[in-house]
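The listed protein sequences derive, respectively, from chains G and A. Just so it is clear: in the first sequence, position 272 is 272 by our numbering, and no numbers are missing. Just so it is clear: in the second sequence, position 227 is 227 by our numbering, and no numbers are missing.
Please keep in mind that the hints were generated in silico from the structure rather than gathered at the bench.
One copy or two, either will do: identical chains are not told apart, so a pair holds if it fits within one copy or between any two.
Heads up, simulated DSS-like pairs for lysine-lysine below, C-alpha to C-alpha not over 30 Å straight-line:
no., residue 1, residue 2
1, LYS132, LYS370
2, LYS132, LYS283
3, LYS296, LYS156
4, LYS402, LYS283
Keep in mind that this is a model prediction, so the values were computed, not measured.
There are 2 protein chains.
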Amino acid sequence: MLSVKTPEEVMTLLKESFPSGITGETVIPLSEAPGRVLCEAVTADEYIPGFDRSSVDGYAVRAADTFGCSDAIPALLAESGEILMGESAGLILSPGECAAIPTGGAVPAGADAVVMIEYTEDYGDGTIGILKSVSPGENMVFRGDDLRPGTVLLPKGRKLSVPDIGALAAMGMDRVRVFRKPLVGIISTGDELVPVSETPAGGQIRDVNSSMLAALAADAGADVRSFGILKDDENLLGKTLDAALSECDLVLLSGGSSVGIKDAALRVIESRGEVLLHGIAMKPGKPTIIGRIGGKPVFGLPGHPVAAFFVSDLFVRPLIGRLMGRSVRIRTVPARITEAVSANHGRAQYMGVFLSGSEDSLSAVPVRSKSGLITAQAGSDGYFCIPRDCEGVPAGAEIRVKLYTSD
Amino acid sequence: MLSVKTPEEVMTLLKESFPSGITGETVIPLSEAPGRVLCEAVTADEYIPGFDRSSVDGYAVRAADTFGCSDAIPALLAESGEILMGESAGLILSPGECAAIPTGGAVPAGADAVVMIEYTEDYGDGTIGILKSVSPGENMVFRGDDLRPGTVLLPKGRKLSVPDIGALAAMGMDRVRVFRKPLVGIISTGDELVPVSETPAGGQIRDVNSSMLAALAADAGADVRSFGILKDDENLLGKTLDAALSECDLVLLSGGSSVGIKDAALRVIESRGEVLLHGIAMKPGKPTIIGRIGGKPVFGLPGHPVAAFFVSDLFVRPLIGRLMGRSVRIRTVPARITEAVSANHGRAQYMGVFLSGSEDSLSAVPVRSKSGLITAQAGSDGYFCIPRDCEGVPAGAEIRVKLYTSD
Numbered sequence: 001m002l003s004v005k006t007p008e009e010v011m012t013l014l015k016e017s018f019p020s021g022i023t024g025e026t027v028i029p030l031s032e033a034p035g036r037v038l039c040e041a042v043t044a045d046e047y048i049p050g051f052d053r054s055s056v057d058g059y060a061v062r063a064a065d066t067f068g069c070s071d072a073i074p075a076l077l078a079e080s081g082e083i084l085m086g087e088s089a090g091l092i093l094s095p096g097e098c099a100a101i102p103t104g105g106a107v108p109a110g111a112d113a114v115v116m117i118e119y120t121e122d123y124g125d126g127t128i129g130i131l132k133s134v135s136p137g138e139n140m141v142f143r144g145d146d147l148r149p150g151t152v153l154l155p156k157g158r159k160l161s162v163p164d165i166g167a168l169a170a171m172g173m174d175r176v177r178v179f180r181k182p183l184v185g186i187i188s189t190g191d192e193l194v195p196v197s198e199t200p201a202g203g204q205i206r207d208v209n210s211s212m213l214a215a216l217a218a219d220a221g222a223d224v225r226s227f228g229i230l231k232d233d234e235n236l237l238g239k240t241l242d243a244a245l246s247e248c249d250l251v252l253l254s255g256g257s258s259v260g261i262k263d264a265a266l267r268v269i270e271s272r273g274e275v276l277l278h279g280i281a282m283k284p285g286k287p288t289i290i291g292r293i294g295g296k297p298v299f300g301l302p303g304h305p306v307a308a309f310f311v312s313d314l315f316v317r318p319l320i321g322r323l324m325g326r327s328v329r330i331r332t333v334p335a336r337i338t339e340a341v342s343a344n345h346g347r348a349q350y351m352g353v354f355l356s357g358s359e360d361s362l363s364a365v366p367v368r369s370k371s372g373l374i375t376a377q378a379g380s381d382g383y384f385c386i387p388r389d390c391e392g393v394p395a396g397a398e399i400r401v402k403l404y405t406s407d
Numbered sequence: 001m002l003s004v005k006t007p008e009e010v011m012t013l014l015k016e017s018f019p020s021g022i023t024g025e026t027v028i029p030l031s032e033a034p035g036r037v038l039c040e041a042v043t044a045d046e047y048i049p050g051f052d053r054s055s056v057d058g059y060a061v062r063a064a065d066t067f068g069c070s071d072a073i074p075a076l077l078a079e080s081g082e083i084l085m086g087e088s089a090g091l092i093l094s095p096g097e098c099a100a101i102p103t104g105g106a107v108p109a110g111a112d113a114v115v116m117i118e119y120t121e122d123y124g125d126g127t128i129g130i131l132k133s134v135s136p137g138e139n140m141v142f143r144g145d146d147l148r149p150g151t152v153l154l155p156k157g158r159k160l161s162v163p164d165i166g167a168l169a170a171m172g173m174d175r176v177r178v179f180r181k182p183l184v185g186i187i188s189t190g191d192e193l194v195p196v197s198e199t200p201a202g203g204q205i206r207d208v209n210s211s212m213l214a215a216l217a218a219d220a221g222a223d224v225r226s227f228g229i230l231k232d233d234e235n236l237l238g239k240t241l242d243a244a245l246s247e248c249d250l251v252l253l254s255g256g257s258s259v260g261i262k263d264a265a266l267r268v269i270e271s272r273g274e275v276l277l278h279g280i281a282m283k284p285g286k287p288t289i290i291g292r293i294g295g296k297p298v299f300g301l302p303g304h305p306v307a308a309f310f311v312s313d314l315f316v317r318p319l320i321g322r323l324m325g326r327s328v329r330i331r332t333v334p335a336r337i338t339e340a341v342s343a344n345h346g347r348a349q350y351m352g353v354f355l356s357g358s359e360d361s362l363s364a365v366p367v368r369s370k371s372g373l374i375t376a377q378a379g380s381d382g383y384f385c386i387p388r389d390c391e392g393v394p395a396g397a398e399i400r401v402k403l404y405t406s407d
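Build out the structure end to end from the sequences listed, making use of the hints.
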């Protein structure tokens, strides 16, 4: 008999049971790469920059030719040519010569510094006056200043940012090897369920969970496949789970409200693998099962949509990230609760809130609903937790709110 | 002659010049809807719940039949049937009768309360003992308790969360009308540019911006179309811009480093619409143009990838959100800078940082790079701004860091 675990214990259990990045590798184009995780370090295989560049608009010179010059006594150099963007510097600068060069242009052989255009004067007869001396290397960036072959640019496990994408492109990579997105299979069960598009007859309800869990999994970065709505039939459930496991990396069973099908989910998982957890000390969300079949995670989620949401947001969302190599980080914002909320049932209690006010001083109004239906959560902004050993929070207390969306 | 604007003035200019949600409407399936913005209010057109439901497992009763009962003197009721999930309650409860009912089951006609199973006793002869009285309506949720036809569930402009998706599904919506994703066209210009997949010859550099801007636009929620790399040719630039504007909602021109093509971008925009801005008082990123052609925004971005990144992250990213109806919110985290950074050039200065430490006490190491190349930004976590009238920040100062990724 497995004991009921606290939410913190469940997080630890998931980390211990499912290694990061187990969905394997894939190669994707750069435009899809922000937020994806490198499954191998990226190492430079060339010099960046690839040639000595000017970092200003001006004239490439031999620094020694400018020593001692000033506004009053300019150094006079012969303009031997002009460096164009995108062209190799064909010319070779001799002593007493200079060449016009744009920012980013290739510094020609013979030159060892660049004078900014502001400190020059064009006499119009092929002679350029240099009004300020430069030291060797001044206003230049040298080949390999940033990277040399073998330098690690980005480590394995790096979650790629937009500037990272730019750096990869600069290195000549138009594709990148990352951890694959998990494919999440979703199975809804319950005799009372009808598809969302149908009007429920007496006693029936719409299958909210298939749509909601698909949205959550996609929002968390996964691909999603739905296996439809099953009647409460253990044999059918087993066959559908087998089909889902044959192609998916993670399977979400969303149970009906009846006791029979919950036991069926338990037996179906037990007979194919192991049940890691049966029951979480949280409200709502207690009747949750977590199993492992062939190394893959299988969740038996509560049929009640509000409970299914909290359990999936707390545990399935970070697990999806983990399967594709992302580290798990839960971000919260502080807010003051506008009214007292009681809790005295020995389970961590999760509750939606409506936020208002400025970012520095948020007020949180708890979602009050007699029905506990998901419709009551519509328009709310996030949720908070009252820990299991706490009898509630008084009005005005500071709480930490996990937002539904991160931006 | 247009004056150079500060970053704050640019934000205001964009808000005034481009209305929220101008890309129009589209209908999408629920699974794609998290983060999308409603372009019309969603109103209930039915009662939620749709029938009187039990909120506990137990027995549906006439409350009056239980008045005065107790552990010692149970009320004895005849079990007239069992309510199954998903089935309309066909039976009608007569006085002295009760019916077994699961959580969420439809309360039968005649019953007006539910007794929790914990307070009942099954005598096995068709008689159920009720050990605790209930008042009318107890342990029930009534039809329409949450929503009635005409109630606004979610307002126009709501950015949809996962629980919102659940609420829409519960209301029978499997698709939802939202603001359309903008299509962003990207044009790179510069004689010195070669595609990322090619090895640059002397003086050439790879076209970093096409890949990086496509990644940024996609990450911001847009669809992206690339119009390739153009040589510095004003006529070709004009024709390509016309083609991009004929299908895209926003066009990003990424200029080469040469002076000529910058002027060309300005003339090409001017001749087709209006130039709203020419130059931003920021470093890097000064040589930025913002125009409006046929109501659509056109950016002339710096060719330098680091400058192009800062300008696009600061202005293009929120504009993409705005075009699809999202409100603009810039989130930052506090951190202490590990070394002094000077700034005394009269422009807001943006600089990448590497973060370390815990969320409550982050240290920020500034990206130092002589080259200013995008490769130097690889692996950094975000960036901060030194305001234009500030001469720098001392080591240990608290700065606000905008993270590249929000999760």
